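*Asks:* Residue numbers (this note's numbering), protein chains in the order written: chain F, 1 to 385; chain D, 1 to 385; chain Z, 1 to 385; chain B, 1 to 385.
Keep in mind the hints are simulated off the structure, nothing from the lab. Only a predicted model underlies this, so the values are computations on that prediction, with no experimental measurement involved. Among the hints, a few may not be true.
One copy or two, either will do: identical chains are not told apart, so a pair holds if it fits within one copy or between any two.
Calculated lysine to aspartate or glutamate pairs in the DMTMM-like style (CA-CA distance at most 25 angstroms, straight line) [claimed, not checked]:
id, residue 1, residue 2
1, K119, D36
2, K119, D359
3, K74, E129
4, K119, D29
5, K119, E338
Number of protein chains: 4
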Amino acid sequence: MTDYRPVPEDKFSFGLWTVGWRGVNTFGDAVRPPLDGAEAVRRLADLGAYGITFHDDDLIPPGSDAAARAAVLKRFRAALDETGLVVPMVTTNLFTHPVFRDGGFTSNSRDVRRYALRKVLRNIELAVEMGARTFVCWGGQDGAETEAGKDDRAALDRLREAFDLLCAHVRDRGYDLRFAIEPKPNEPRGDVLLPTVGHALAFISELEHPEMVGVNPEVGHEQMAGLNFAHGVAQALWHGKLFHIDLNGQRGVKYDQDLRFGAGDVKEAFFLVDLLESAGYEGPRHFDFKPPRTEDMAGVWESAAGCMRNYLVLREKAAAFRADPEVAAALEAARVGELARPTLDPGETTADLLAEELDLAAVAERGYAFERLDQLAVDHLLGVR
Amino acid sequence: MTDYRPVPEDKFSFGLWTVGWRGVNTFGDAVRPPLDGAEAVRRLADLGAYGITFHDDDLIPPGSDAAARAAVLKRFRAALDETGLVVPMVTTNLFTHPVFRDGGFTSNSRDVRRYALRKVLRNIELAVEMGARTFVCWGGQDGAETEAGKDDRAALDRLREAFDLLCAHVRDRGYDLRFAIEPKPNEPRGDVLLPTVGHALAFISELEHPEMVGVNPEVGHEQMAGLNFAHGVAQALWHGKLFHIDLNGQRGVKYDQDLRFGAGDVKEAFFLVDLLESAGYEGPRHFDFKPPRTEDMAGVWESAAGCMRNYLVLREKAAAFRADPEVAAALEAARVGELARPTLDPGETTADLLAEELDLAAVAERGYAFERLDQLAVDHLLGVR
Amino acid sequence: MTDYRPVPEDKFSFGLWTVGWRGVNTFGDAVRPPLDGAEAVRRLADLGAYGITFHDDDLIPPGSDAAARAAVLKRFRAALDETGLVVPMVTTNLFTHPVFRDGGFTSNSRDVRRYALRKVLRNIELAVEMGARTFVCWGGQDGAETEAGKDDRAALDRLREAFDLLCAHVRDRGYDLRFAIEPKPNEPRGDVLLPTVGHALAFISELEHPEMVGVNPEVGHEQMAGLNFAHGVAQALWHGKLFHIDLNGQRGVKYDQDLRFGAGDVKEAFFLVDLLESAGYEGPRHFDFKPPRTEDMAGVWESAAGCMRNYLVLREKAAAFRADPEVAAALEAARVGELARPTLDPGETTADLLAEELDLAAVAERGYAFERLDQLAVDHLLGVR
Amino acid sequence: MTDYRPVPEDKFSFGLWTVGWRGVNTFGDAVRPPLDGAEAVRRLADLGAYGITFHDDDLIPPGSDAAARAAVLKRFRAALDETGLVVPMVTTNLFTHPVFRDGGFTSNSRDVRRYALRKVLRNIELAVEMGARTFVCWGGQDGAETEAGKDDRAALDRLREAFDLLCAHVRDRGYDLRFAIEPKPNEPRGDVLLPTVGHALAFISELEHPEMVGVNPEVGHEQMAGLNFAHGVAQALWHGKLFHIDLNGQRGVKYDQDLRFGAGDVKEAFFLVDLLESAGYEGPRHFDFKPPRTEDMAGVWESAAGCMRNYLVLREKAAAFRADPEVAAALEAARVGELARPTLDPGETTADLLAEELDLAAVAERGYAFERLDQLAVDHLLGVR
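Starting from the given sequences, assemble the full structure and let the hints guide the process.
*Replies:* Here is the structure:
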């Protein structure tokens, strides 16, 4: 048993807006003081993180003049240099300001769409300046409460226009930057455009430069739709599109909880870590959570530390699970590996297939021994093997 | 006000398994007698339907020998000829038999996968013989209760292998047949592969012949994930992939209810019909519902008639909604049409965009008047305009 | 067809916090200006409402001194007198201020619990002064994100202590005031105490003065748990506990949407109105909704007007449904009235019952014709009968 | 670390219908052979269980004559005697047969209601004969798909009539038997009467002999409504009504999964076991699960063994959690114990309360340190402390 202390090589990153969340929601006022960006850098570095990410407005208060902006950036950069923390990803806030009440890239208002693009274009400069290689786009206000109010096909046209423009811009500038779309089914809008990982992956396939755009799945966002997160991430990996990931916790189909990683569906978290590690995902393990309003700043840092600790614990367990000879035997009994073998042999034809018969009665009795396999996973998860 | 009597030109079709459902579920035995296929054809024709669809095993009892099979088909064909009903779609049962307990195309058992392909290949012949142009594939048992038991990426490989093989086969034979994948999030498996319209659309983009494969969205299946059905269908249309559609009713996130069309979320049904009609969808309006177990056969036919009646009623209302000058004014006020205008003018560059400023304070006050618009939709829905 | 203009006799009331909601939520800043209480009174009166309700802090800005408080109340009272609007219900804000981050009556902090009680006691004086007869208690922050942090049984003890104290206080003062508990399953807390109408009804049965406490069910709150609102209200009526009701709209299991009444599940709204009207509910029809953030103030008033209009439309439809002879026949065919007849005749014993036999085979074939009945309801809802 | 071998003192019981489930559901045929009751007794005894329970029809095939019935019971009794297994609970099947398609105690058909009562009365004799002390009633077909088809208040009247009759009967006979109502929100009916633990508890308070009736909460049934199971059980305990419990697993708001205990939300399972053990619940730990259709009979017994193993593992962890000094300190820091202290001191009055002031600014800063506490729980759950 290790002490599960994170180190930069673990690639843990945090949104500045996570530890900096002040607790405002529909039913409650702020419960915590503002958190300075440079202070966040230092605290996260102390905890063992390797990266910090931000929305433009998290770091630079909206309305700052050039001097104020420069001062903020200087302080932030100094903290990065001092701690060695990196900025692997940057994102843009296209939701908080009232102008975005009907969305950003797909607002019915053309002037707002233009402003949204402009805000992203400007923020790309900052992202590049900060050394970010991934640019996340979450269009949480791009949706509708009434179907009558949004022409979805036009919205998808505008979204494609936006990404085609941004990709062209990045290519023109020669920047080494990829985009990652973050899906969400609802909240704050009644229904959000590109509600799941699947919808986002499908959308990407229609772009001019699909190779520049991937997804940034978030644990809770898929679980809000009752979807299995590990399965969704597996499909994203299959498409070669897992460009970034948002780790947090959610307890079922309800409002967006943004609990710390490991605090929601812990079994799903185990299988997720197992997947990320075994698939060789090399990007940041990015935490996008909200320390509950019940916490003061000490609780915020406990919560942040817990995210990383839980990942490390689960990573160790997943490795032990995969190394366990009884698990190997159970996987064999469950025929898991057999699925990797093509259904037809090389050269086989449908005629060959049609010439064959299956002994239905015999195969009907075949069990798959998944319960044994799942219990071994639970045993590893609970640490009783 | 018309009497809403369906005619074949309305393109209403029904699965044989819908009116023929006997009511067996996890908690209850059969409540209704078997329904003969030819009888179903006659009753549906009497009600005004234009088509009937089936799984192989619905029509031809599994285990039938060649003579029995021929007799069934002869009777069925005679009923079709007599009534003029067509068979626009055929599908294959890859779920009821115990051999499919871990799925069909993605069963961990290779011999089962081969059998599933064989069953589909044979059924394609019947589909073509019947004149079907669409072949629906629902892989409801292709999923998992434990993530450990299913290698998702291998499953997607096998699924791609299956569709590539089937498409090649259909091309080789020169058949005029397209495939439509039906997504579902869960039930009967804990989590099902390709859980939503989005996931299926993304998958299709990776096929050798993506143009031959589309989706068959089902109202209840998307709503079981809390997703907005009209938005999902709109995205399918945007991708040019709405090859077929399953209409029914569902009341929220719960087990698969398969209520008659119009009996679930009636407002969503209104917007769906509005979308299908305004988008010029020309395929069948296919009902995939299950008359509740409380009904006897008289109730079954009431339920089937209700599906069609509700579609016709909603079609009339949607047309009236679109023709209403106050609605036109409300759409204008809500800037709905403005979304169809590209965000950039032809020839505009990002430099042009960056040179512009938005009056944030002024635009922050802009309202979108969606409540007015939605209330007009409700008024039309309720028939009070 | 009437013009559905509300009049005070319809007993429509609105929370000041509804039309006054400025649009702040987790992801967005305020989009609308503050709304003055007296202005709200006048606008609601113009629209045909009969009542207005408020949380203490909605009306009187927290921190107001006695003079400021008096001035606000004077203006508000003048508006009431001028318009004839009444204040049938008052409630207390025990959630917005950071001190309530772990709840009010059941905060782990005893000093907060005492403050919460004090805040309610003071507000009771205002309620009585305003002529309110119902005092609603919503304990939305009384819950937990981690089970470890809340001793539920102690929480229920404290909640009982609170209500016993408040009831005793009201009795001591001789006030004509009843309490109504508003349940909610989650949000803003991960899980909320007394999550449904059922849990609240059960709790009430343990009080010293259960006759003084009832429930205030809210459409969306029950639907957030996937529960049927009409069924829940029916049970509250059965217990004699429907003291008040919050009408709004919700589209399924997700975050608390607070849509205008009729804009969510419209079929459920129809059956709810049918129930309230046929059961002779005489309390206010109180709208607790949030005009979407997309709306400006004009949209807010459209939304408020829509709530009332939809109730009136549905009330008319429900009456027509009940008066329709075909519906009467369908109810008879569905044996709905038969359920009102006791299962045993007066004087019958279990011995009599045991002496009887049922013809299982015959009764197994009996259908209940609910599809016919439901289709008649849909026809009335859609206005096509 | 023990080997977690169950012994009868652990009080683990299983429904005969659980290990005996053959796998029939809406989408699939039987996958497993019938299981003889006596064989089930022996296998469960071998695994370390202490009890077995059954529906009348599980044990005695419907339609058996007296001789066949006697033979079955003799074999079953012999197995019980041989193994020492007991029958702590019996229940009645009021759902499988088509006559129950509209429910049992609340069917619209009076003759069906009478038959349902008769079936229960007869089964009570068997229950008493078997030594059962608890009689569970699950009315899963007592519900509706259309609100028009069910008069809820009449249904509750009939349900009360049924329980009052049954209680009177049991009292007349002098049997030592209590009833436990099992709530469920939906499935197989669209909405079920008494959908949650709360609704059932409220209903019980209206009975003639409420002391004879409690609840039998089932993990998955509450979680199907998105409710927190531990909180629901805590409220049942608070009312003194936890007469029995059904343990299984569910992964969120979807169809009724009936997974093995520990295979669903494992964190919730931990807090549930912690609650049952710390509250001194002395009844059976009853597993009501369905081994997935993927399993053959070997998998069924693995699944059954897993239920008990997971309970024992979690019991050990919960004890360690409660004994951990750091947990004690964290509970103190989170003020959990403070909630057990009455909010008013003995003799204090509302006047005393009103004379006090709270330093709002100071208390607003107070954090509750729940994240620290929850992380300690996760650490114990994962076995890393």
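*Asks:* With reference to the structure, classify each hint as holding or not holding.
*Replies:* Checked hints:
In this assembly of identical chains, K119 and D36 lie within 25 angstroms of each other by CA distance solely inside one copy; the values are 22 angstroms within and 35 angstroms between copies. In this assembly of identical chains, K119 and D359 lie within 25 angstroms of each other by CA distance solely across copies; the values are 14 angstroms between and 63 angstroms within a copy. Taking CA atoms no more than 25 angstroms apart as the test, K74 paired with E129 passes inside one copy only; the shortest distance there is 12 angstroms, against 58 angstroms between copies. Only between protomers do K119 and D29 lie at most 25 angstroms apart by alpha-carbon distance; the minimum there is 18 angstroms, versus 28 angstroms within a single protomer.
Taking identical chains as interchangeable, the C-alpha atoms of K119 and E338 lie at most 25 angstroms apart only when they sit on different chains, with a minimum of 20 angstroms there against 50 angstroms within one chain.
Taken one by one, the earlier hints all hold for this structure without exception.
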